[in-house]
Amino acid sequence: MTEGLLKACKKKMVLYEKFIKHRTSENEDNYKKYKNKLTTAIRIRKKQYYDEILDKNRNDTRRTWKILNNIIQKRMTTLEWPNYFLNSSNHKVNDLINIVEEFNKFFVSVGPSLANEIAVPPDADTFNNLINSNINSMFLHEISETDVVNTVRKFKNKKSTDINEIDMGIIKEVIFSIVRPLTYIYNLSLQKGHFPKTMKITKVIPTFKTGNKHSMENYRPIAIIPQFSKILEKLFVNQLDVYITKNKLLSDSQYGFRKNRTTTYAIMQMVEEIAQASESEELSISIFVDLKKAFDTIDHRRLLKKMENYGLRGIAKSWIESYLKDRQQYVKIKDIKSGFREISCGVPQGSVIGPILFTLYINDICNVADFFKFIMFADDTNLVCSGKDIKELLKKAEKELNILKSWFDVNKLSLNIKKTKFMIFGNKKVKNGDFKLTISDTEIERVSEIKFLGVVIDSNLSWKHHLNYIKGKIAKSLGLLYKLKDILNHKALRLIYCSLIQPYMAYCIEIWGSTFKTYIHEIKTIQKKSIRVMNKSNYYAHTDPLFLKSQIMKLEDLYYYKIMQFMFRVKLTALPKNILMFFVKRESKYDLRGVCMFVLQKAKKGMKRRCISVMGVKFWNEAKIELKLATSLSVLKKLISKNIFEEY
1 MTEGLLKACK KKMVLYEKFI KHRTSENEDN YKKYKNKLTT AIRIRKKQYY DEILDKNRND
61 TRRTWKILNN IIQKRMTTLE WPNYFLNSSN HKVNDLINIV EEFNKFFVSV GPSLANEIAV
121 PPDADTFNNL INSNINSMFL HEISETDVVN TVRKFKNKKS TDINEIDMGI IKEVIFSIVR
181 PLTYIYNLSL QKGHFPKTMK ITKVIPTFKT GNKHSMENYR PIAIIPQFSK ILEKLFVNQL
241 DVYITKNKLL SDSQYGFRKN RTTTYAIMQM VEEIAQASES EELSISIFVD LKKAFDTIDH
301 RRLLKKMENY GLRGIAKSWI ESYLKDRQQY VKIKDIKSGF REISCGVPQG SVIGPILFTL
361 YINDICNVAD FFKFIMFADD TNLVCSGKDI KELLKKAEKE LNILKSWFDV NKLSLNIKKT
421 KFMIFGNKKV KNGDFKLTIS DTEIERVSEI KFLGVVIDSN LSWKHHLNYI KGKIAKSLGL
481 LYKLKDILNH KALRLIYCSL IQPYMAYCIE IWGSTFKTYI HEIKTIQKKS IRVMNKSNYY
541 AHTDPLFLKS QIMKLEDLYY YKIMQFMFRV KLTALPKNIL MFFVKRESKY DLRGVCMFVL
601 QKAKKGMKRR CISVMGVKFW NEAKIELKLA TSLSVLKKLI SKNIFEEY
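Under full-length UniProt numbering, the first residue of the sequence shown is numbered 1, with each subsequent residue one higher.
Hints are computed from structural coordinates only; laboratory data are not their basis.
Keep in mind it's a predicted model, so treat the numbers as computed, not measured.
Beta carbons are placed, not taken as given, at the ideal position from N, Cα and C, and that holds for glycine.
Please note that the accuracy of each hint is not assured.
[Claimed, not checked] Computed cross-link-like contacts, DSS-like style, restricted to lysine-lysine with a CA-CA straight-line distance of at most 27 Å: (1) K605 - K46; (2) K618 - K524; (3) K405 - K418; (4) K571 - K32; (5) K476 - K396; (6) K46 - K476; (7) K549 - K451; (8) K33 - K10; (9) K399 - K428; (10) K391 - K405; (11) K293 - K317; (12) K428 - K234; (13) K337 - K158; (14) K396 - K47; (15) K483 - K471; (16) K192 - K325; (17) K428 - K605; (18) K158 - K334; (19) K431 - K419; (20) K483 - K419; (21) K405 - K305; (22) K234 - K92; (23) K451 - K56; (24) K431 - K483; (25) K419 - K464; (26) K337 - K197; (27) K483 - K35; (28) K306 - K334.
[What the hints assert, rightly or not] So the derived label-pair ranges between C-beta atoms look like this: (29) V584 - I72: 20 to 26 Å; (30) T161 - K624: 51 to 57 Å; (31) T525 - V149: 36 to 42 Å; (32) Y49 - T161: 49 to 55 Å; (33) D486 - N164: 43 to 49 Å.
Build out the structure end to end from the sequences listed, making use of the hints.
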């Protein structure tokens, strides 16, 4: 607020007081005119102010977002802790010192309590030989100071501090001063197969989810492991990843925490499997498996046995065993810390190595039931099976599910039958029929729509429900753009659009982008409104020039852009086998200048015609030769962008 505006505000108050004392039309008119002029002046000055500070920080994305979040008033709100909590005995605890102790006791007991509830089935021995013992072994190599520096650089600058009150930003600032002793310590750890004890203590911050704020069950533990532990874990994982890839240890059905694999590909495989079955006049069942606290119940002895079968023997196995053993955690609320408690099972949350240990732990599940097509993203598991007769299909699925239940029990993974759902894909008669599926005599809920890996899937694969979900999300952000259009410049508004609107439209568009135009119409309308607001144009302004000015693609062009990138990866066979199997390269006797073409499948059903295995091939085969001959993905993206924006 400038000195001139402050004086103007005082003058406005004088005019207001004059109007209150003498309510004449002249005084009222003078006050309102001055008030309106002042409001306009404040709005102009506010815009100038934000233009100046945003321009000053134009090369600092983090600082820019801090400014924008301040404007949006999207600051992280500090949780107002209730004046009491209910502990596991349902007794009130109101002293903060006792509260942190009760939280810690509760968090460390969740995994063991669930694991102890799981009875070992009588057929446990049948699952002992699911992993073929790998003849190769993993050997840990010495790391260099350069390895340590490069590893530290790749970590994000998060402000969360560990037990030592250190964040990764601090380590980045001093890394060159400490890299030599740090490298020595890390190499000693890898040579001896011993993980430093001081790096095993996790700081836990309870974070409220939903429900009753007084119940500890409604709080999620946010785990922060020591920063120096993260670096050592990453150095180990780098070597482990190379070993896993070289020996092809992980199932092709696992899409989680793996290079060149995404949630999009996981959903894509599920859709393609169901659509392919539909083309063969087969019905499909999709089962969405839910596990309770999957990372927290893992049995360490069984995990180490599996590691040994995969070839992690000797020093490598000892290092993992040492990493898992004698781990402790404490809870911190405000400035109050609890005492330490030991963690007896599970893999550490918030760790670097935890996710990869988990994927190896559940990897052999794919060998349990050949009847199902497994689609996994870490602990999110989807099972797909197909057949001609729905009753026979359900009967077989039920039998295999009960075998899987035994496998879960043996591995101390708690299957949440109440949250496990299933869906039937087929004709109306089947979808409207009263069909049931049970696990251990407990009925699984049948649904017609479900959210899986961030996408709402319906039994028609129409994507109507998912588009309604997207519409709800981006409509809120459009409202935000309206509120900010008078105080932010085009660049800032575009940044908000690209962060809060475009990601919802881009996510999995390769899968749902081919749906009916009527379903997509409202999304396109919101996008056009957003572009007009961003450019401060009138309600009926033609949007093509605005899309061009903003360098933002229309929804249909974004779909094409993403499809062509995907097909380029198909061409290079740079995708999982379970995706590549739906594409066949066309063999030709004629010289097509090295142009790769694909066989376009004849699809009878709309479900298959809308699949990427058909739409992607169609787009690719019809694309300009210059796109097909692109030498790299970055070149292809530039060419497509150029072609698209030239049409606007």
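Hints, one by one, checked against the model:
1. K605 - K46: violated, 57 Å
2. K618 - K524: holds, 23 Å
3. K405 - K418: holds, 14 Å
4. K571 - K32: violated, 67 Å
5. K476 - K396: violated, 45 Å
6. K46 - K476: The hint holds at about 23 Å.
7. K549 - K451: Measuring from Cα to Cα gives roughly 36 Å; hence the hint is violated.
8. K33 - K10: This hinted pair holds, its Cα atoms lying about 15 Å apart.
9. K399 - K428: holds, 25 Å
10. K391 - K405: holds, 21 Å
11. K293 - K317: With Cα atoms ~25 Å apart, K293 and K317 stay inside 27 Å; holds.
12. K428 - K234: Violated, at about 51 Å.
13. K337 - K158: holds, 21 Å
14. K396 - K47: violated, 66 Å
15. K483 - K471: holds, 19 Å
16. K192 - K325: holds, 15 Å
17. K428 - K605: Holds - the C-alpha atoms of K605 and K428 are around 14 Å apart, at most 27 Å.
18. K158 - K334: holds, 19 Å
19. K431 - K419: This hinted pair holds, its Cα atoms lying about 21 Å apart.
20. K483 - K419: Given pair K483, K419 is violated - Cα atoms ~40 Å apart, limit 27 Å.
21. K405 - K305: Judged against 27 Å, a Cα distance of about 21 Å means the pair holds.
22. K234 - K92: With Cα atoms ~42 Å apart, K234 and K92 exceed 27 Å; violated.
23. K451 - K56: This hinted pair is violated, its Cα atoms lying about 42 Å apart.
24. K431 - K483: violated, 45 Å
25. K419 - K464: Measuring from Cα to Cα gives roughly 23 Å; hence the hint holds.
26. K337 - K197: holds, 20 Å
27. K483 - K35: holds, 20 Å
28. K306 - K334: Given pair K306, K334 is violated - Cα atoms ~41 Å apart, limit 27 Å.
29. V584 - I72: 20 to 26 Å: violated, 49 Å
30. T161 - K624: 51 to 57 Å: Roughly 53 Å apart at Cβ, these two residues keep to the hinted range, so it holds.
31. T525 - V149: 36 to 42 Å: violated, 50 Å
32. Y49 - T161: 49 to 55 Å: violated, 33 Å
33. D486 - N164: 43 to 49 Å: holds, 46 Å
Violated hints, listed in ascending order, are 1, 4, 5, 7, 12, 14, 20, 22, 23, 24, 28, 29, 31, 32; each of the other numbered hints is respected by the structure.
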